[in-house]
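Novice: Chains as they are written, first to last, in the numbering used here: chain W, 1 to 204; chain C, 1 to 332.
Quick caveat, the hints were computed from the structure, so don't treat them as lab data. Remember, predicted model here, so these are calculated numbers, not experimental data. There could be a bad hint or two in this list.
What the hints assert, rightly or not - Think about it this way: if two alpha-carbon atoms lie no more than 35 Å apart in a straight line, the pair counts; the simulated DSBU-like pairs of lysine-lysine are:
| # | chain 1 | residue 1 | chain 2 | residue 2 |
| --- | --- | --- | --- | --- |
| 1 | C | 111 | W | 54 |
| 2 | W | 175 | C | 197 |
| 3 | W | 83 | C | 134 |
| 4 | C | 180 | W | 54 |
| 5 | C | 111 | W | 44 |
| 6 | W | 44 | C | 218 |
| 7 | W | 45 | C | 134 |
| 8 | C | 232 | C | 218 |
| 9 | W | 117 | C | 111 |
| 10 | C | 232 | W | 83 |
| 11 | C | 197 | W | 45 |
| 12 | W | 167 | C | 180 |
| 13 | W | 45 | C | 160 |
| 14 | C | 122 | W | 44 |
| 15 | C | 197 | W | 44 |
| 16 | C | 197 | W | 54 |
| 17 | C | 141 | C | 254 |
| 18 | C | 232 | W | 54 |
| 19 | W | 54 | C | 122 |
| 20 | W | 117 | W | 185 |
| 21 | C | 160 | C | 74 |
| 22 | W | 89 | C | 232 |
| 23 | C | 122 | C | 80 |
| 24 | W | 185 | C | 180 |
| 25 | W | 54 | C | 71 |
| 26 | W | 54 | C | 134 |
| 27 | C | 197 | W | 167 |
| 28 | W | 45 | C | 111 |
| 29 | C | 254 | W | 117 |
| 30 | W | 54 | C | 141 |
| 31 | C | 168 | W | 44 |
| 32 | W | 54 | C | 254 |
| 33 | C | 122 | W | 83 |
| 34 | W | 44 | C | 134 |
| 35 | W | 45 | C | 122 |
As the list claims (entries may be wrong) - From the derived model, a few chain C residues whose C-beta atoms are all more than 12 Å from chain W:
| # | residue |
| --- | --- |
| 36 | 75 |
| 37 | 181 |
| 38 | 290 |
From the three backbone atoms N, C-alpha and C, an ideal C-beta is built for every residue, glycine too.
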Amino acid sequence: MLRHAARRLASRAAAPAPVWRRALSTAEVPAEAAEDSSFVEAWKKVAPNLEPPKTPISLMQPRPPTPAAIPTKLTVNFVLPYKSEIANKEVDMVIVPATTGQMGVLPGHVATIAELKPGVLSVHEGNDVTKYFVSSGFAFVHANSIADIVAVEAVPLDQIDPSLVQKGLTEFTAKLGSASTDLEKAEAQIGVDVHSALNAALTS
Amino acid sequence: MATAAALRREGRRLLLSPTVPKPSPAAVSAAIARSTGISQPAMAPLGARTVSTQVVRNRMKSVKNIQKITKAVKMVAASKLRAVQIRTENSRGLWQPFTALLGDAPSVDVKKNVIVAITSDKGLCGGINTTSVKVSKALHKLTSGQENESKYVILGEKGKVQLVRDSKESIEMTISELQKNPINYTQIAMLADDILKIVEYDALRVIFNRFHSVVSFKPTVATILSPEVAEKESEAGGKVSDLASYEIEGGETKSEILQNLAEFQFSCVLYNGALENACSELGARMSAMDSSSRNAGDMLDRLTLTYNRTRQASITTELTEIISGASALEGK
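In isolation and in its complexed conformation, chain W is listed as follows:
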């Protein structure tokens, strides 16, 4: 009898505290351990009758810590405003079009924040390479070999129409030539950059 009690006590002590939450059908939200307690405290002083609002940290999965050894695979998240193109996929390498040029990201890459320019993003998984044309955005590489790429617009290369690209390029080059104000020049320059990058992406 005592042996059973000891076993039960040991198993209960081993189980972490929030285990008795029922798994909800909307359970994308994990344990809310990462809540900002100082915020909740300050809130309670100001508005004791109002429940404190949620904060983004409590609404996302916590990220894994930096492992000791370099992992073999890179986890990639590629998000666009209208969908998550790649979510938590394990790949070998990712090449992002940073403003300083094409940057290759391998597992164990140093933590980096890179601003992206219009160009080709390629995801290498074994022998498959998926290429997207990305308009611009940011790429974060974390120390735990997770790469987050946030882009405003991305298109798989095979869905781009080359004739439209040429037309756009000539149009914007003409606009650049005839631009008078700085704003118009900047807009025309952006158009030229994007279209020439598209051109380069399609021809390469």
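Mind docking chain C on chain W? Use the hints.
Specialist: Okay, now just chain C, sitting in the frame of chain W:
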């Protein structure tokens, strides 16, 4: 004989048209009472032969119309919700990289706070706008102190109407007609650009109602720090994770990249917040209109009962009058 014949004629006339008001002074006063819409059908002014059910019938008609309208609004909201919900769930991945990089510091103490409250333009959506405004006001109290100041940027008419009443001087700018066209990223990016041109900020707090399910919406606050504050917090070792350990690729200076990062983060968070709030608004409108239709249905049931009671009482009264009149004649 003549009186009996007259009484019989009267009885027949009453049976044929029980609701035609009799031209007598008491009946005229009853007619006036009816036309002013007093809904006390059980009250029979002295002398009137019948009590009209017109009042009750008018109320029933208007309640039925209200029920139809609220049901229609609910259907419209339900169909719109389905479309917006898909887009909202797809946009949820957008702010996660930023929070993963920079952490979240809602209790950061800075001089210039700007509270961006996302509310709806149209009403009939339950209490979500009031909750958002309450949370904004509490945050305002939290973040304004001796040296700290806090300003509002309000998206949506309903929030503006409520906040203008007591915090008019703290409102920096208001934007309405957000949902004239379906919300898309370009529109929100331009809006974010406009906001950032006008306000100076150390910390932006975006308040919106996050959509958890059709019946549950939780107020959420997302904090975005300006690049200087983010650097300061990371050096101080606060909640912002080790920003300094990240290499910055590209750009001439680190601060330029961080500036772009903060602006991009603001537009992404605002996009997700606007979509979530639109979703919550539609869900709240669905449940508000649903309970409204149900209430109208209950009211209609009660009115129907009252109507039937009144009608039956008036028929009974007339029958008893005729019968007592007839039996009085026979008794002679």
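Novice: Evaluate each hint against the coordinates.
Specialist: Checked hints:
no.	hint	in the structure
1	C:111 - W:54	23 Å, holds
2	W:175 - C:197	27 Å, holds
3	W:83 - C:134	32 Å, holds
4	C:180 - W:54	28 Å, holds
5	C:111 - W:44	21 Å, holds
6	W:44 - C:218	17 Å, holds
7	W:45 - C:134	15 Å, holds
8	C:232 - C:218	31 Å, holds
9	W:117 - C:111	34 Å, holds
10	C:232 - W:83	33 Å, holds
11	C:197 - W:45	34 Å, holds
12	W:167 - C:180	32 Å, holds
13	W:45 - C:160	26 Å, holds
14	C:122 - W:44	31 Å, holds
15	C:197 - W:44	34 Å, holds
16	C:197 - W:54	28 Å, holds
17	C:141 - C:254	34 Å, holds
18	C:232 - W:54	24 Å, holds
19	W:54 - C:122	25 Å, holds
20	W:117 - W:185	18 Å, holds
21	C:160 - C:74	25 Å, holds
22	W:89 - C:232	34 Å, holds
23	C:122 - C:80	14 Å, holds
24	W:185 - C:180	31 Å, holds
25	W:54 - C:71	32 Å, holds
26	W:54 - C:134	14 Å, holds
27	C:197 - W:167	34 Å, holds
28	W:45 - C:111	20 Å, holds
29	C:254 - W:117	17 Å, holds
30	W:54 - C:141	18 Å, holds
31	C:168 - W:44	25 Å, holds
32	W:54 - C:254	31 Å, holds
33	C:122 - W:83	28 Å, holds
34	W:44 - C:134	14 Å, holds
35	W:45 - C:122	33 Å, holds
36	75	24 Å, holds
37	181	15 Å, holds
38	290	21 Å, holds
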